[in-house]
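A.B. asks: The chain contents come next:
There are 2 protein chains.
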Amino acid sequence: MQTATRQNRQIRLAARPQGMTDASTWNLTQETAPVAGPGQVLVQVLYLSLDPAMRGWINEGESYMPPVAVGEVMRALAVGRVLQSQHADFAEGDYVSGLLGAQEYALSDGKGLFKVDPRLAPLPRYLGAFGMPGLTAYFGLNVVGELKDGETVLVSGAAGAVGAIVGQLAKARGCRVIGIAGGADKCAYLTQELGFDAAIDYKSQHVAQELARLCPQGVDVFFDNVGGDILDAALTRLAVGARIVICGAISQYNNQQPVRGPANYLSLLVKRATMKGMVVGDYYPRAMEGLQALAGLAQQGKLKAREHIVQGLEQFPQAFNMLFTGENQGKLVLQLSE
Amino acid sequence: MQTATRQNRQIRLAARPQGMTDASTWNLTQETAPVAGPGQVLVQVLYLSLDPAMRGWINEGESYMPPVAVGEVMRALAVGRVLQSQHADFAEGDYVSGLLGAQEYALSDGKGLFKVDPRLAPLPRYLGAFGMPGLTAYFGLNVVGELKDGETVLVSGAAGAVGAIVGQLAKARGCRVIGIAGGADKCAYLTQELGFDAAIDYKSQHVAQELARLCPQGVDVFFDNVGGDILDAALTRLAVGARIVICGAISQYNNQQPVRGPANYLSLLVKRATMKGMVVGDYYPRAMEGLQALAGLAQQGKLKAREHIVQGLEQFPQAFNMLFTGENQGKLVLQLSE
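Top line first, the protein sequences correspond to chains A and B. By numbering that gives the first Met the number 0, the letter at position 166 of the first sequence is numbered 165, and the numbering carries on one by one without gaps. By numbering that gives the first Met the number 0, the letter at position 322 of the second sequence is numbered 321, and the numbering carries on one by one without gaps.
None of these hints come from the bench; they were simulated from the model. As the structure is a prediction and not an experimental result, all values here were calculated from the model. One or more hints might be untrue.
Said to hold, decoys possible - Here are the computed distance ranges between Cβ atoms for each label pair: (1) T235/B with D148/A: 37 to 47 Å; (2) F113/A with M64/B: 26 to 36 Å; (3) S203/A with E288/B: 47 to 57 Å; (4) T235/B with L119/A: 54 to 64 Å; (5) P284/B with K114/A: 30 to 40 Å; (6) Q256/B with L119/A: 52 to 62 Å.
Yeah, the Cβ is synthetic: ideal placement off N, Cα and C, and Gly gets one too.
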């Protein structure tokens, strides 16, 4: 293979979006692929993860990570195969995951790069149930949410990459689990495929009324990926001592007005409840614990996952917006190469 | 004394208010004072506590206590003297505190009634630093807020009955303490009398800008009595792992629109912070621990308190609104009798 002529197509941030991203947000650029130097590996990216949090990474201003700069390759989690290695921990042919970026070839110094095994699970699953979303669900529910066996758990974005796992982890602990999702198909998936006790279709049902009906004793843990009206509805149904895990607020990420604060937040006082934010990266030092629990559950047939795979780097702009329109069914992944 | 002719003047809820209470909210009524029966005590109320939480008690709807019914004597904490006792735990002449109601004479079965000692502190202080507000500050800061020595503490409503104690408790633990209050007088009181490190006058200063200047490393514990804009400003200055104690939201209690939710609540996520509601009654079983700590601090001269005393039950309607206009200087108390 002539490495000198290998071309690397990349998705770069063209301009900070106002509201939803569109074609003008991104540039598809091309440059000569790099070559691994001492201590480096060159990875061919096979699958790119598309996650709601990425919308936050392209806003200006302080967050838990610096924003992606205009002109930079878009930050993205990915799974790929090592093509060249001058790093002691990685060999050519290894499969790896990490923040490789929205590009076909990525250089890495090995930091934050993890080996994954394609014989144990299909590669895209390492971007979903056995990756960042799985760990988010596991640590969010157990550590941040302090889940106890048998509690009542509510999860929003329940058919999404994180929500679907949250529900199954809670079911495995004997909890009653209610999911909120958009559309009858997603709701049927939750109750018929994943074993949720009930699902609320926020597009056709009145969430607060359904919660009152389904959770007469209140909600002990609310795992929120959505924010906005759904968070406000959940705040009306807290049990005393409830914990709300603020994992995300996908309803607010494309706002052009200021974020809608939860008007019912004084329920926290009335119910002596806790609302706590999380960033999954804080738990990466304990990742092994989470991955073992997830793998164990999967072996028992208690952890189902599905990936929604879109083909081709050039589809990045359209595919990215599927996260916010709710078109994806399962963990959204862009496949760059076989 | 002719107990048969003793008259009991009472403040009763006349109508549920929209927004601020006014004369039409209350009725001053009079009836023959009751007589203690078996197991009962009759208390002459000497000092009535006026607390922001009382505004919530007269709203319709679910809260941590049932609402005061229209026509009922207004619920209120008070200190009084036992006039008659047919209860083994109380003797005539004992001084007691409890939820005696906005009235001159109250019957009690002894539940929730505590003896207080007028030789150890002036009676009104048992409604302030050595009463509900003091316990709110102590348990809110230490248990709910999980305060650690040396942290940076921000408190809103800092010159109020709870806020002033929060600041002094935090100072005693070696913390840097910033108070938010309304007006130069209150701010001077915080820094010159109570030893706060800094004070922000929300009426004349830009709170978020002052916080950025005063807390460049962020706030570890924010004890919030106020809500609204001040809560939103504080959310912009959280340190990683910050705890927000939601003790109240005095800025929102007289709203005729829905409560203003904190638009910056996603800072909880970015900063892995916690927002937790509290109701002081949950900690009454541990009251002795808090009272001993408060008394110990007072003995060392590290706990200053002041009461703002208004004379006469008939002043209840006007005095009550002082809580929301900020006119009171210190714990607001209505004196009914010498």
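A.B. asks: All the hints need checking, so say for each whether the structure fits it.
C.D. replies: Hint by hint, here is what the structure shows:
no. : hint                           : verdict
1   : T235/B with D148/A: 37 to 47 Å : 38 Å, holds
2   : F113/A with M64/B: 26 to 36 Å  : 52 Å, violated
3   : S203/A with E288/B: 47 to 57 Å : 52 Å, holds
4   : T235/B with L119/A: 54 to 64 Å : 44 Å, violated
5   : P284/B with K114/A: 30 to 40 Å : 53 Å, violated
6   : Q256/B with L119/A: 52 to 62 Å : 55 Å, holds
Checked against the numbered hints above, the structure violates hints 2, 4, 5; every other hint is satisfied.
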